[in-house]
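Q: Spelled out, the chains give:
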Amino acid sequence: MLSDILSPDVFAAAMRIATPLALAAIGGTICERAGVVNIALEGMMLFGAFVGVIAVTYAGNPWVGVFAAAAAGASLALMHAFASVTLKTDQVVSGTAINILAGGLTGFFMEVIIGHPGTTDPVPRLVPVFDFPVPSAGFFAPMWRWIDVIFLSHTPIVYGTILFAIVAHWALFHTRWGLRLRALGEHPRAADTVGISVVRGRYSAVLFSGVLAGLAGANLTLEQVGSFTEGMTNGRGFIALAANIFGRWTPGGSYGAALLFGFAEALQTKLQLLRDVITIPSQFFLMLPYVLTVVVLAGVVGRAVAPAAVGKPYEKG
Amino acid sequence: MERAGKASVTHRLYGLLEQIAPPLVSVVIALAISSLIIWVVGYDPVRAFSALFDGAFGGPRQIGETMLRSTPLIFTGLAVAYGFRAGLFNIGAEGQLFMGGLVAAWLGVALAGLPTMVIVPIILVAGAAAGMAWAFIPALLKARVGAHEVITTMMFTFIARYIVSWLVTGPLKAPGQIPQTVQLPAESMLPKFTDILPELGTGRAHLGFVVGIALAVVVWWVLKHTTLGYEARAVGFNPWASETGGISVSLTTVKSLCLSGALAATAGVTEVIGLHGRLFDQFSAGFGFTGIAVALLARNNPLAVIMTAMLFGALSAGSGTMQLQADVPSKVVFIIQGLVVFLVAAQQLAVWLLRPFKARGGVENA
Amino acid sequence: MDAALLEVREVTKRFPGVLANDKVSMSLESGEIVALLGENGAGKSTLMNVVYGLLSPDGGELYYEGHPVKVRSPRHAIDLGIGMVHQHFMLVEPLTVTENIVLGNEPTKIAGVIDFSTARKAVAEISKRYGLAVDPDAVIRDLSVGMQQRVEILKALYRGAKILILDEPTAVLTPQEVRELFKVVRSLVDEGLAVVFITHKLEEVMAVADRVVVMRDGRVVGEARPSETDMAGLARMMVGRDVVFRVEKKPSVRGETILEVDGLEVLDERRLEAVRGMSFDVCAGEVVALAGVSGNGQTELVEALTGLRRPAAGSVRLSGKDITHASARQSIEAGVSHVPEDRHRRGMVLEFDLAENMILGDHRLEPFSRHGVMKPTEIARVTEERVAAYDVRTPSIRVLGGALSGGNQQKLVLARELGRDPKLLIAAQPTRGLDVGAIEFVHQQILAERDSGKGVLLVSLELEEVQGLADRILVVYEGRIVKEFAAGEASDEDLGLYMTGGGGDKFAESTEVSVKGLGT
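Residue numbers (the numbering used here), protein chains in the order written: chain A, 1 to 317; chain B, 1 to 366; chain C, 1 to 520.
Please keep in mind that the hints were generated in silico from the structure rather than gathered at the bench.
Please note: incorrect hints may appear among the correct ones.
[To be verified] Pairs of lysine to any residue, SDA-like flavour, derived with a Cα cap of 20 Å:
hint: 1; chain 1: C; residue 1: K109; chain 2: A; residue 2: H174
hint: 2; chain 1: C; residue 1: K162; chain 2: C; residue 2: E366
hint: 3; chain 1: C; residue 1: K109; chain 2: A; residue 2: W170
hint: 4; chain 1: C; residue 1: K375; chain 2: B; residue 2: V217
hint: 5; chain 1: C; residue 1: K423; chain 2: C; residue 2: E366
Let's have the full structure, built from the sequences with the hints guiding it.
A: Take a look at the structure:
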């Protein structure tokens with residue numbers, strides 16, 4: 001039974017499930033490193049997921065959908081940046097507004113474009129990057145199967161996210177972009193006095209997080225599910241924020257935390273399949289990620305230190 | 001002294017206007033933007049909004065429907081507003097609402113046979129207590145380790161939904177195909193206005209609306225005239241000064257979020273014992289989240305919450321008619337909601353837009 | 001003759017309701033130290049913020065090396081060769097010294113990758129050249145204040161500053177660090193830089209400046225060379241009248257012991273020992289002043305005495321009653337009043353109106369409330385009374401606290417804390433940032449409290465205040481009381497010596513180590 005549970009597909013599923021969480025979490029990381037809280041990740045992800053599907057419906061090519069999703073995330077992010085940077089609005093409230101708005105826009109345009117509420121028709125998805133013939137017999141066959149399932153079975157955004165997490169993590173600590181980003185969230189005035197534009201820095205960070213959240217949505221609809229359902233992000237944006245905290249405001253840590261959530265959920269799905277053996281209602285499994293988020297947050301927050309200026313509008317002079 | 005009194009009356013009137021104008025403008029702009037969206041998409045906004053208005057205020061039944069839809073929003077609006085006053089963002093009012101609804105559905109059956117005058121107050125109190133309990137863990141985590149309530153109460157909302165989903169499909173499921181609890185007996189229900197005065201013709205509107213208004217006054221009074229409210233506001237504004245003034249910040253945080261939870265849960269209670277008479281998965285149309293818009297638009301003033309809840313209640317009541325008569329998807333209401341929250345929060349928008357004009361006239365002012 | 005390095009001509013800067021700079025002119029040459037002297041609010045920092053491009057002037061011109069310039073931003077100022085070290089350091093705490101220094105001017109390899117080895121070399125080179133030793137890989141938050149200031153100076157030098165503006169640079173330093181700083185400044189001008197030194201301390205002007213420009217009420221009121229004038233003359237220019245350095249006070253009538261502190265130990269946020277075994281008492285009818293450089297455990301001591309921080313060891317008794325572990329509320333109810341050092345953060349709720357602020361701390365007590373219900377008429381009555389008695393200038397008690405001036409805010413805090421008729425008043429830096437009139441008022445109130453038989457514990461960084469008010473002076477250093485003086489027994493020099501660990505043999509050897517421990 002244990003081998004059933006810890007099979008290669010569980011690990012592969014963990015990576016798949018982790019991808020949208022990780023993308024949004026890294027988005028959150030970048031945003032908060034620049035000093036802006038982004039609880040609108042949820043809405044940006046949802047909007048991206050929707051726009052991605054609609055774009056594919058018209059264009060036929062899933063890649064068009066990916067770009068459309070990124071642009072959709074960025075468009076809501078622009079709103080958030082305008083509110084929190086230019087207008088110095090309460091960032092949490094602005095984020096909430098965008099979440100509500102995203103729910104409204106997707107629901108409204110779903111009916112306008114698709115003609116009914118609920119779920120869209122399936123659209124073409126992005127296919128796995130690698131397609132190797134896997135030897136089905138021979139001494140190495142089982143091992144080869146593991147490698148194939150865990151590492152070679154994925155779609156482009158899944159790989160892209162891993163790659164991006166590594167690059168972003170390194171860049172945060174070794175590049176001009178990273179240094180300036182860290183300064184912005186800790187002491188924007190210090191950055192301002194040496195000629196770093198707080199406004200430009202924060203705008204670009206928020207927009208970037210919107211692109212990432214949009215891509216997270218694209219992963220959900222255009223790689224995982226193949227269609228859009230209203231409210232399908234189901235709190236992933238909030239879990240991503242927790243993953244960002246758990247990952248101590250680093251891209252690598254965010255990815256790791258997302259992977260942990262992904263693994264928990266993959267296990268949960270697997271365990272559900274064994275319902276005949278373990279008689280626990282499915283809802284309890286479905287609750288798991290949310291419970292885990294609270295537990296993680298409860299255990300880690302006191303010790304992890306957020307960027308000092310996060311959530312505070314920057315007042316010049 | 002007399003003259004000072006008069007001056008302060010105009011001063012206060014002006015102040016009131018200053019308070020009311022920005023939210024009003026926000027609503028107008030939000031409606032304008034959504035009209036634009038409706039128009040661009042190819043519908044007739046005039047027809048849409050006149051249908052909406054008709055659906056909300058066209059007659060006693062419609063007005064009743066508006067009251068009905070406003071009722072849960074008064075409670076969730078009060079919940080979010082109270083939280084905000086104490087510096088807490090109870091984004092998870094929806095979860096507390098679910099727990100309130102759950103307790104109502106359970107007690108409504110369990111206490112069957114007792115007179116309404118006994119059952120309903122018990123259910124209201126017990127439901128509120130359930131919401132309080134549901135907010136307690138996030139409150140404790142906030143007070144103890146500083147875990148942000150936005151994430152924790154949100155997570156607790158999902159957990160609450162799954163608990164309810166499990167109960168209505170399993171242990172509390174009524175016989176039959178549909179996942180829902182059994183119908184409550186009549187004595188467990190809040191009376192409708194028409195039960196008392198049939199000639200009112202207010203349809204499904206029930207006494208929960210009156211409870212809501214009463215509670216709004218109570219919350220206003222608590223905030224303004226009790227040490228509980230004073231301490232909540234003090235902590236919301238400045239926790240350090242509060243601490244120096246002998247107020248326990250963590251205790252106040254816990255109390256405030258729990259109280260907010262109790263208010264939110266009341267929405268769930270009245271939906272169950274006022275309207276549906278049972279519990280099922282989708283018994284709340286996101287009232288907890290709309291409560292955020294209600295509270296912000298009311299600038300967290302409990303008395304203003306009554307008005308803003310009625311506004312969103314009217315939008316919700318009218319949107320059905322709008323969909324039927326003008327074909328416009330009723331979900332446009334959520335777009336309006338999102339825009340309203342955004343515009344109310346972005347108070348600086350007007351200042352920003354008027355910037356070019358200000359800059360020219362600024363020198364004389366300084 | 002060459003044009004001046006920097007010339008300010010008739011610069012005017014307005015803020016709502018204030019004329020911060022009124023046609024101010026001054027000039028600066030290479031190789032000189034100019035002190036910009038004036039009281040708080042005289043417009044010194046405003047002027048320099050204009051020069052540094054943080055504020056844009058409403059009138060007047062700047063000439064840099066003879067050319068007219070409009071300094072658009074700090075970045076522009078830096079490009080011109082103007083560097084500024086702010087009173088509140090512009091350092092990013094979790095970053096390293098090198099990262100802070102190069103921020104905004106990072107040497108990069110391809111694709112924006114920072115060339116840290118070049119950066120580190122550059123930092124090492126400048127710090128050697130100007131004798132500013134600092135570990136390039138240290139994280140800012142681990143450095144002492146003096147060290148952080150060095151990093152700020154290095155930051156300006158790294159950017160090729162020809163002019164260095166230092167805004168109140170000595171406010172946070174120990175006397176040793178001040179001496180070090182003066183040495184550094186001297187070596188900078190020897191290398192051809194020009195330094196503007198903003199201060200309100202006369203001794204510093206006399207010690208370091210080549211030339212002094214005196215400002216008052218937004219105007220330049222005089223210019224002098226320290227060698228050709230004396231402190232009294234400068235003081236007159238600065239304040240506009242003869243300065244009375246002493247406060248009139250009656251002899252103290254000491255009564256019974258009010259506060260007894262015994263072996264108190266308190267930890268700070270980082271769980272380091274900030275108060276290391278303090279024992280002292282305060283009697284009725286006396287002002288006991290705690291003198292010391294900022295960051296020697298005063299904040300933690302006050303927080304422990306007022307129930308805001310749990311002591312790690314020792315005991316505190318108020319009129320014989322043990323209040324060691326009292327909460328803030330119990331402490332207030334036991335009779336301890338507290339004028340906090342940070343008025344806006346701890347002293348009041350800026351968003352509350354005057355009446356609401358007036359009852360903070362007493363809001364649970366009669367006559368302000370009963371059984372949790374507030375009594376608005378009583379609250380208003382008492383507030384009106386106190387506002388009148390303490391001369392809080394306000395149009396109405398419904399005005400928000402944040403709308404008052406600093407002096408009136410402090411009067412409000414005093415009115416509340418003294419109005420409740422405490423046994424003990426703990427006043428922490430009660431005159432910080434106030435104008436002369438308000439300072440006088442606060443001092444009078446503290447003495448009045450003493451004369452009415454209350455105990456007063458005054459925590460102050462200002463020697464003048466300590467000397468003027470105290471009946472006994474306790475000198476704190478590194479969390480310990482290192483010396484006690486009776487009023488009038490010690491000169492400022494004596495106090496300064498003990499405040500910096502230089503007094504007794506016992507502490508002489510710890511001086512070297514101490515610099516590190518003086519963090520915020």
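Q: Now, for every hint given, state plainly whether the structure supports it.
A: Going through the hints against the structure:
1. Between K109/C and H174/A, the direct Cα distance comes to roughly 11 Å. Compliance with the 20 Å bound is thereby established for this hinted pair.
2. Note on K162/C and E366/C: the hinted pairing is violated, with a Cα-Cα distance of about 63 Å set against a maximum of 20 Å.
3. Of the pairs offered as hints, the one joining K109/C and W170/A holds, with about 15 Å between alpha carbons and a cut-off of 20 Å not exceeded.
4. Annotation: proposed proximity of K375/C to V217/B holds, straight-line Cα distance about 18 Å (limit 20 Å).
5. Distance hint between K423/C and E366/C is fulfilled; the C-alpha atoms sit about 18 Å from each other, no more than 20 Å.
Checked against the numbered hints above, the structure violates only hint 2.
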